[in-house]
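Q: Sequence:
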Amino acid sequence: MFNKAAVAALTTALFFRAYAIDAEITVDLQTRYQSVDGFGCSQAFQRAEDIFGKYGLSPKNQNYVLDLMYSEESGAGFTILCNGIGSTLARRLASRIIHGIITTAANSPYLNRREHEAFLISTLMHGLHLDI
Numbered sequence: 001m002f003n004k005a006a007v008a009a010l011t012t013a014l015f016f017r018a019y020a021i022d023a024e025i026t027v028d029l030q031t032r033y034q035s036v037d038g039f040g041c042s043q044a045f046q047r048a049e050d051i052f053g054k055y056g057l058s059p060k061n062q063n064y065v066l067d068l069m070y071s072e073e074s075g076a077g078f079t080i081l082c083n084g085i086g087s088t089l090a091r092r093l094a095s096r097i098i099h100g101i102i103t104t105a106a107n108s109p110y111l112n113r114r115e116h117e118a119f120l121i122s123t124l125m126h127g128l129h130l131d132i
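Just so we're aligned: the sequence shown equals residues 1 to 132 in this note's numbering.
Think of the hints as simulated: they come from the structure by calculation, not from any bench. Note that this is a predicted model, so its numbers are computed, not measured. By construction, the Cβ of each residue, glycine as well, lies at the ideal position given by its N, Cα and C atoms. Some hints could be false.
[Unchecked claim] If you anchor each label on the Cβ, the simulated ranges turn out as follows:
| no. | residue 1 | residue 2 | range |
| --- | --- | --- | --- |
| 1 | D37 | N63 | 23 to 29 Å |
| 2 | Q30 | D50 | 40 to 46 Å |
| 3 | D67 | D22 | 42 to 48 Å |
| 4 | I25 | M69 | 27 to 33 Å |
Full structure from sequences and hints, please.
A: As structure tokens, then:
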């Protein structure tokens, strides 16, 4: 019988030794290169349905999954959520049509900025009225 730890060590030595390099890494905690707003995930493209019972999750398990994702005490502590508006095929199709109209208007040389903004607002309001 093989010793799993020995096999893992041998595999690591054989396959990763060729890639080993000598490097020196210095971390300067006094220098700030960027600030991070938070970390998160996407529930767009029907991913929210996975959490909210698509596969028969009970309310208790739905809360458990949400805690795993967003709780700072018992989970990953995500603070950002990316989500699509609408979750059915009809809504996706309608939102693509709206997006196409907006993209076309954005690239139009015939609309000045004020006209462009008014067009976008009316288009978005129409989209919201359609419950997209």
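Q: With reference to the structure, classify each hint as holding or not holding.
A: Hints and how they fare:
1. The given range of 23 to 29 Å is respected by D37 and N63, whose C-beta atoms sit roughly 26 Å from each other.
2. Roughly 43 Å separates the CB atoms of Q30 and D50, a value that falls within the hinted 40 to 46 Å.
3. At roughly 43 Å, the beta carbons of D67 and D22 sit within the given window of 42 to 48 Å.
4. For I25 paired with M69, a C-beta distance near 31 Å keeps the hint of 27 to 33 Å intact.
In summary, this structure violates none of the numbered hints.
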